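Numbering (our numbering), first residue to last: 26 to 178.
Calculated from the structure, these hints are not laboratory results. Warning: the hint list may mix true and false statements.
What the hints assert, rightly or not - Calculated pairs, PhoX-like style, for lysine-lysine (alpha carbon to alpha carbon, straight line, at most 25 Å):
#, residue 1, residue 2
1, LYS32, LYS111
2, LYS35, LYS154
3, LYS72, LYS34
4, LYS111, LYS34
5, LYS32, LYS109
6, LYS35, LYS111
Keep in mind the model is a prediction, meaning the values are calculated, not measured.
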Amino acid sequence: MAEKTRKIKKIMMVGNPNVGKSALFNRLTGGEAIVSNYPGTTVDYTKGEFAEGGVFYEVTDVPGTYSLEPRDGAEEVAVSLLEKAKGEVVMIVLDATRIERGLYLALEVIERGYPAIISLNMIDEAHDKEVLVNPSELQRLWCACSCDIHHQR
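All chains, please: the whole structure from these sequences, using the hints.
In structure tokens, the structure reads:
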């Protein structure tokens, strides 16, 4: 009897440098991507898998980038990976302590037509710094922005 092939959904994790992408990647996949706090740490990408509810996911931890207009080698790798993955889901990881920094990249991702989700990271640190983040309002604005951009096409 032939073994049933499993369908794997792909996710590209993007975000500014040092927003915790690699730490989140490790938690999701059980991987061992290098986690550090200095620019240029991840200039290549790391892949891993996890399963949730019978669905298998392949996750790619993309090098940190501030924009989809690359200015260095790490950003060039990030943009190249995204271009090759057109149509795959992009998880945009935002640092909740500096959420405004990641919103520019998030807007670029949806403007280019990628199906995208937002992951708020470092909520505990934001709370400790008394930075208030309203995930429900962010979700409302994200949906409104995504819909506006997709309707304009």
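Structure-based check of each hint:
1. LYS32 / LYS111: Answer holds: LYS32 to LYS111 is near 18 Å, not above 25 Å.
2. LYS35 / LYS154: violated, 34 Å
3. LYS72 / LYS34: Satisfied, since the Cα-Cα distance of roughly 13 Å is no more than 25 Å.
4. LYS111 / LYS34: Holds, at roughly 13 Å.
5. LYS32 / LYS109: holds, 19 Å
6. LYS35 / LYS111: Given pair LYS35, LYS111 holds - Cα atoms ~11 Å apart, limit 25 Å.
Against the hints set out earlier in the document, a violation occurs for number 2 only.
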